Amino acid sequence: GAGVSQTPSNKVTEKGKYVELRCDPISGHTALYWYRQSLGQGPEFLIYFQGTGAADDSGLPNDRFFAVRPEGSVSTLKIQRTERGDSAVYLCASSPDRGTYNEQFFGPGTRLTVL
Amino acid sequence: AQSVAQPEDQVNVAEGNPLTVKCTYSVSGNPYLFWYVQYPNRGLQFLLKYITGDNLVKGSYGFEAEFNKSQTSFHLKKPSALVSDSALYFCAVRDMDSNYQLIWGAGTKLIIKP
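Listed in order, the protein sequences are those of chains A and B.
The numbering of the first sequence is our numbering, which starts it at 2 and goes up by one.
The numbering of the second sequence is our numbering, which starts it at 12 and goes up by one.
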């Protein structure tokens, strides 16, 4: 079956611009996670959705970052007024539910470069 | 707060030799531990997990991990390394205090030399 997909694979933008990153989870997975990974570091949690609602957005660094999942499937991470420090690989993961024991299945990531 | 430490930035092993990638953790309750592997330009792939039960957990690609409660460790092992095992390995623990987030180690680069 299809895994988690993310588009675009690479995004280059200029400082101050708005970007949208898309995540298409595994069909039927109700839990969806966004992470950010900088070079040489582990993933940093951003936000977690259970169904359509953001169950935990405590990892979003500031109000320039926002994410939606309107129909409980595809999710979009939105970044306003991008800054050079936003450059990173943005990872999306999904799991069957929020169950404690469930592993997360990751997409290939979107590499964001802010010039 | 929960935390994970991977004390080695890089591990070098000759092909055919056993390998160990170290992970230690700090949790307030029962630990739920995971290992993931990341190949260049690819997403993180799940290898194995420890929830409860047998301290030796077997996973994908011939990897296994040993849970040691007294040493708060969850080291990843493989009896005979392959060049294709060269990748970045991450240990993670479920954060029971923070809505079940995964808390990640910084990663260990594993290099297998022919």
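Hints are computed from structural coordinates only; laboratory data are not their basis.
Misleading hints may appear alongside valid ones.
[As the list claims (entries may be wrong)] Derived SDA-like pairs: lysine to any residue, alpha-carbon spacing no greater than 20 Å straight-line: (1) K80/B with Y102/A; (2) K60/B with K16/A; (3) K12/A with N52/B; (4) K120/B with T14/A; (5) K69/B with Y102/A; (6) K88/B with I62/B; (7) K60/B with A32/A; (8) K88/B with D106/B; (9) K12/A with R23/A; (10) K79/A with T14/A; (11) K120/B with S39/A; (12) K60/B with S39/A; (13) K60/B with D96/B; (14) K120/B with A16/B; (15) K120/B with P97/A; (16) K60/B with E104/A; (17) K69/B with A98/B; (18) K33/B with Q42/A; (19) K12/A with P51/B; (20) K12/A with K88/B; (21) K88/B with A117/B; (22) K12/A with R53/B; (23) K120/B with K79/A; (24) K69/B with N103/A; (25) K69/B with K79/A; (26) K120/B with E45/A; (27) K124/B with S97/B; (28) K120/B with G41/A; (29) K79/A with Y102/A; (30) K120/B with P109/A; (31) K120/B with L61/A; (32) K120/B with Q42/A; (33) K60/B with F106/A; (34) K69/B with F106/A; (35) K60/B with P9/A; (36) K33/B with K18/A; (37) K60/B with P97/A.
[What the hints assert, rightly or not] Partial pick of chain A residues on the chain B-facing surface, computed with a CB cut under 8 Å: (38) G43; (39) F46; (40) Y49.
Everything numeric in this text was worked out from a predicted model, so none of it was measured.
For glycine and all other residues, C-beta sits at the position ideal for the given N, C-alpha and C.
Do the hints match the structure? See the list:
Taken as a hint, the K80/B and Y102/A pair is honoured in the structure, with Cα atoms around 18 Å apart against an allowance of 20 Å. Pair hint K60/B plus K16/A does not hold up; C-alpha atoms about 40 Å apart against a cutoff of 20 Å. A hinted pair counts as satisfied when its Cα atoms are at most 20 Å apart, and K12/A with N52/B qualifies at roughly 14 Å. Between K120/B and T14/A the CA atoms are separated by roughly 30 Å; this puts the pair beyond 20 Å, and the hint is violated.
With a C-alpha separation of about 16 Å, the suggested pairing of K69/B with Y102/A holds against the 20 Å cut-off. Taking the CA atoms of K88/B and I62/B, the gap is near 18 Å; set against the 20 Å cutoff, the hint holds. Between K60/B and A32/A the CA atoms are separated by roughly 18 Å; this keeps the pair inside 20 Å, and the hint holds. Taken as a hint, the K88/B and D106/B pair is broken in the structure, with Cα atoms around 24 Å apart against an allowance of 20 Å.
Taking the CA atoms of K12/A and R23/A, the gap is near 11 Å; set against the 20 Å cutoff, the hint holds. Using a Cα cut-off of 20 Å, the hinted pair K79/A and T14/A holds, with the two alpha carbons roughly 13 Å apart. Among the hinted pairs, K120/B with S39/A is consistent with the structure: their alpha-carbon atoms are about 15 Å apart, no more than 20 Å. Pair hint K60/B plus S39/A does not hold up; C-alpha atoms about 24 Å apart against a cutoff of 20 Å.
Between K60/B and D96/B, the direct Cα distance comes to roughly 18 Å. Compliance with the 20 Å bound is thereby established for this hinted pair. Annotation: proposed proximity of K120/B to A16/B holds, straight-line Cα distance about 14 Å (limit 20 Å). With a C-alpha separation of about 29 Å, the suggested pair K120/B and P97/A falls outside the 20 Å cut-off, and the hint is violated. Proximity of K60/B to E104/A is assessed by CA-CA distance (about 8 Å); at most 20 Å being required, the pair is judged to hold.
Simply put, K69/B and A98/B have alpha-carbon atoms about 19 Å apart, close enough for the 20 Å limit, and the pair holds. As the CA atoms of K33/B and Q42/A are separated by approximately 16 Å, the hinted pair is consistent with the 20 Å bound. As the CA atoms of K12/A and P51/B are separated by approximately 18 Å, the hinted pair is consistent with the 20 Å bound. A hinted pair counts as satisfied when its Cα atoms are at most 20 Å apart, and K12/A with K88/B does not qualify at roughly 37 Å.
Under the criterion of a C-alpha separation no larger than 20 Å, the hint pairing K88/B with A117/B is consistent with the structure, at around 18 Å. Proposed proximity of K12/A and R53/B is supported: the alpha carbons are some 16 Å apart, at most 20 Å. A C-alpha spacing of about 31 Å is found between K120/B and K79/A, which places the hinted pair above 20 Å, so the restraint is violated. The straight-line distance between the Cα atoms of K69/B and N103/A is roughly 16 Å, inside the 20 Å bound, and the hint therefore holds.
Note on K69/B and K79/A: the hinted pairing is violated, with a Cα-Cα distance of about 39 Å set against a maximum of 20 Å. Distance hint between K120/B and E45/A is fulfilled; the C-alpha atoms sit about 18 Å from each other, no more than 20 Å. Pair hint K124/B plus S97/B holds up; C-alpha atoms about 9 Å apart against a cutoff of 20 Å. For a cut-off of 20 Å, the pair hint linking K120/B to G41/A stands: about 9 Å separates their Cα positions.
Distance check on the hinted pair: K79/A and Y102/A sit about 29 Å apart at the alpha-carbon level, beyond 20 Å; violated. With a C-alpha separation of about 18 Å, the suggested pairing of K120/B with P109/A holds against the 20 Å cut-off. For the hint pairing K120/B with L61/A, the CA-to-CA distance comes to about 28 Å; that exceeds 20 Å, so the pair is violated. For a cut-off of 20 Å, the pair hint linking K120/B to Q42/A stands: about 11 Å separates their Cα positions.
The straight-line distance between the Cα atoms of K60/B and F106/A is roughly 13 Å, inside the 20 Å bound, and the hint therefore holds. For the hint linking K69/B to F106/A, the alpha-carbon distance of about 18 Å falls within 20 Å, and the restraint holds. At roughly 30 Å between alpha-carbon atoms, K60/B and P9/A are farther apart than 20 Å, so this suggested pair is violated. Taking the CA atoms of K33/B and K18/A, the gap is near 41 Å; set against the 20 Å cutoff, the hint is violated.
Only pairs whose Cα atoms come within 20 Å are accepted, and K60/B paired with P97/A is accepted, the gap being roughly 16 Å. A distance limit of 8 Å between C-beta atoms decides the matter here; for G43/A the minimum to chain B is near 3 Å, and the interface restraint holds. The closest approach between the C-beta of F46/A and any C-beta of chain B is roughly 5 Å, which is under the 8 Å cut-off, so the hint is satisfied. Here the hint on Y49/A is kept, as its CB sits about 7 Å from the closest CB of chain B, short of 8 Å.
Violated hints for the displayed structure, listed by number in ascending order: 2, 4, 8, 12, 15, 20, 23, 25, 29, 31, 35 and 36.
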